Amino acid sequence: MASKLLLGTLMLLPGISASTNTILESRPHGYCKQLDIALPITAETAVYDIPKVDNDIEAVSWAIYDATRTSIHGPGNIIKNTTTSATFNIHAQLCIPNSAKNSKKNTLQIATHGVHYDSRYWDSKYKPENRSYVEAALKAGHSILTYDRLGVGESDHPDAYTVVQAPLELEILRQLTLMARNGSLYEFAGHAQPSNSLFTSLTTPHKVVHIGHSFGSFLTSAFIARYGPLSDGAIITGYLLTENLGSAGSTSFSVEYAATGNPAFDRPSGYVVCQRDGIQNIFFGGNPKTAFTKELLDYGISLKQPVPIGEFASAWSLLGNPGPSFKAPVQFLLPEFDFYICRGDCRGLANVTMLNQTYPHATAIEVALQPNTGHALPLHNNATAGFQLMFDFFSRHGL
Numbered sequence: 001m002a003s004k005l006l007l008g009t010l011m012l013l014p015g016i017s018a019s020t021n022t023i024l025e026s027r028p029h030g031y032c033k034q035l036d037i038a039l040p041i042t043a044e045t046a047v048y049d050i051p052k053v054d055n056d057i058e059a060v061s062w063a064i065y066d067a068t069r070t071s072i073h074g075p076g077n078i079i080k081n082t083t084t085s086a087t088f089n090i091h092a093q094l095c096i097p098n099s100a101k102n103s104k105k106n107t108l109q110i111a112t113h114g115v116h117y118d119s120r121y122w123d124s125k126y127k128p129e130n131r132s133y134v135e136a137a138l139k140a141g142h143s144i145l146t147y148d149r150l151g152v153g154e155s156d157h158p159d160a161y162t163v164v165q166a167p168l169e170l171e172i173l174r175q176l177t178l179m180a181r182n183g184s185l186y187e188f189a190g191h192a193q194p195s196n197s198l199f200t201s202l203t204t205p206h207k208v209v210h211i212g213h214s215f216g217s218f219l220t221s222a223f224i225a226r227y228g229p230l231s232d233g234a235i236i237t238g239y240l241l242t243e244n245l246g247s248a249g250s251t252s253f254s255v256e257y258a259a260t261g262n263p264a265f266d267r268p269s270g271y272v273v274c275q276r277d278g279i280q281n282i283f284f285g286g287n288p289k290t291a292f293t294k295e296l297l298d299y300g301i302s303l304k305q306p307v308p309i310g311e312f313a314s315a316w317s318l319l320g321n322p323g324p325s326f327k328a329p330v331q332f333l334l335p336e337f338d339f340y341i342c343r344g345d346c347r348g349l350a351n352v353t354m355l356n357q358t359y360p361h362a363t364a365i366e367v368a369l370q371p372n373t374g375h376a377l378p379l380h381n382n383a384t385a386g387f388q389l390m391f392d393f394f395s396r397h398g399l
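According to full-length UniProt numbering, the stretch in the sequence shown is residues 1 to 399, in order.
Treat the hints as calculated values from the structure; they're not laboratory data. Just to be clear, a hint being listed does not mean it is correct.
[To be verified] Capping the alpha-carbon separation at 30 Å, the derived lysine-lysine pairs in DSSO-like fashion look like this:
| # | residue 1 | residue 2 |
| --- | --- | --- |
| 1 | Lys125 | Lys139 |
| 2 | Lys127 | Lys294 |
| 3 | Lys139 | Lys104 |
| 4 | Lys104 | Lys327 |
| 5 | Lys125 | Lys289 |
| 6 | Lys139 | Lys294 |
| 7 | Lys52 | Lys80 |
| 8 | Lys207 | Lys104 |
| 9 | Lys327 | Lys207 |
| 10 | Lys139 | Lys127 |
| 11 | Lys104 | Lys127 |
| 12 | Lys80 | Lys104 |
| 13 | Lys327 | Lys139 |
| 14 | Lys127 | Lys289 |
| 15 | Lys207 | Lys139 |
| 16 | Lys125 | Lys52 |
| 17 | Lys294 | Lys125 |
In this text, all values refer to a predicted model and were calculated from it rather than measured experimentally.
Using the sequences and the accompanying hints, generate a full structural model.
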């Protein structure tokens with residue numbers, strides 16, 4: 001069983017603060033520290049023409065509105081452009097492998113989860129030896145940072161309409177990346193008590209790579225497009241820009257109002273959450289007798305998190321951005337039977353020519369298919385095979 005030690009007073013670095021309940025956790029193949037990082041963020045936001053959601057009826061009405069609108073979300077849906085400037089608490093977990101001989105620890109992975117889940121998506125506590133990407137990464141010798149996106153999990157839960165929007169979340173990813181690249185993230189982790197030699201001996205990572213899932217892949221693909229020099233490689237999971245993306249519609253989420261849901265969440269107006277059938281609709285696919293188990297579905301439901309509807313209104317700004325400054329390898333890992341991005345069949349959908357046009361200077365663009373798997377790759381029976389596809393990609397490119 002993992003041991004959890006309460007950290008004492010932490011030495012703080014400029015721009016970073018941590019709560020007093022920071023935790024050091026021993027894992028079979030390394031150690032993890034959970035941190036609360038205070039990030040000053042300034043980003044362009046907007047007031048969108050979207051309905052308010054303050055009860056279950058309005059939650060369903062929003063989903064119908066979102067699924068049946070005659071024009072896609074975009075600039076035409078903006079009532080007023082705004083700028084948001086504030087400091088937000090972002091909950092993160094930094095994990096370091098205990099294999100000192102493995103040079104892979106000098107490359108840091110930054111993993112961004114999608115909607116309806118938090119960072120636990122990457123770190124399953126149900127049979128973690130076969131379901132946790134974090135455990136698999138540590139076993140393979142990789143260092144990894146996961147975090148709860150704004151509005152989710154143990155990070156702050158600000159206004160769902162005007163604050164938690166795509167451009168602001170993209171800026172959060174940029175700031176976390178800058179902290180990783182300038183060494184302040186590792187320096188902070190090293191100063192945190194009690195001391196652990198794996199963290200005190202950390203030096204600035206030689207390389208930083210990015211991994212995304214679903215909306216986290218919206219963000220990651222936009223990040224490498226806009227800030228190409230800040231990434232040494234990327235893996236995009238559960239996302240492919242085609243006419244099928246999101247065509248299942250928001251009604252397939254089967255949402256209810258988060259504040260009065262089952263269970264109820266401490267969230268303000270505008271946060272919705274999937275019901276049980278919504279989680280299965282979106283995240284589970286393939287043959288139900290072989291692709292996943294009832295236990296995996298139950299665990300996936302237990303992880304569900306509310307979503308601020310401003311994310312959906314602003315997501316358009318992340319899609320299809322050209323990335324000429326990205327000069328590193330990228331892999332698109334597609335679940336074979338992903339209902340959300342491929343209408344249930346991702347085979348043959350990837351247009352490599354279009355991907356090459358999007359990232360014309362990428363050193364490599366690869367497309368991989370994970371068989372008999374739905375949108376949530378780690379929550380299926382062959383999760384470890386998907387993890388290996390990712391590790392093989394990193395190895396081929398020296399990451």
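Right, here's what the structure says about each hint:
1. Lys125 x Lys139: holds, 16 Å
2. Lys127 x Lys294: Given that 30 Å is the threshold and the Cα spacing comes to 14 Å, the pair holds.
3. Lys139 x Lys104: holds, 11 Å
4. Lys104 x Lys327: With Cα atoms ~20 Å apart, Lys104 and Lys327 stay inside 30 Å; holds.
5. Lys125 x Lys289: Measuring from Cα to Cα gives roughly 22 Å; hence the hint holds.
6. Lys139 x Lys294: Since the Cα atoms of Lys139 and Lys294 sit roughly 27 Å apart, the hinted pair holds (cutoff 30 Å).
7. Lys52 x Lys80: Holds - the C-alpha atoms of Lys80 and Lys52 are around 17 Å apart, at most 30 Å.
8. Lys207 x Lys104: holds, 10 Å
9. Lys327 x Lys207: holds, 13 Å
10. Lys139 x Lys127: holds, 15 Å
11. Lys104 x Lys127: Holds: Lys104 and Lys127 sit about 25 Å apart, inside 30 Å.
12. Lys80 x Lys104: violated, 46 Å
13. Lys327 x Lys139: Holds. Lys327 to Lys139 sits at ~28 Å (cutoff 30 Å).
14. Lys127 x Lys289: Holds: Lys127 and Lys289 sit about 19 Å apart, inside 30 Å.
15. Lys207 x Lys139: holds, 19 Å
16. Lys125 x Lys52: With a Cα-Cα distance of about 35 Å, the restraint between Lys125 and Lys52 is violated, given a limit of 30 Å.
17. Lys294 x Lys125: Status holds; Cα separation ~16 Å.
Hints 12 and 16, counting from the list given before, are not met by this structure.
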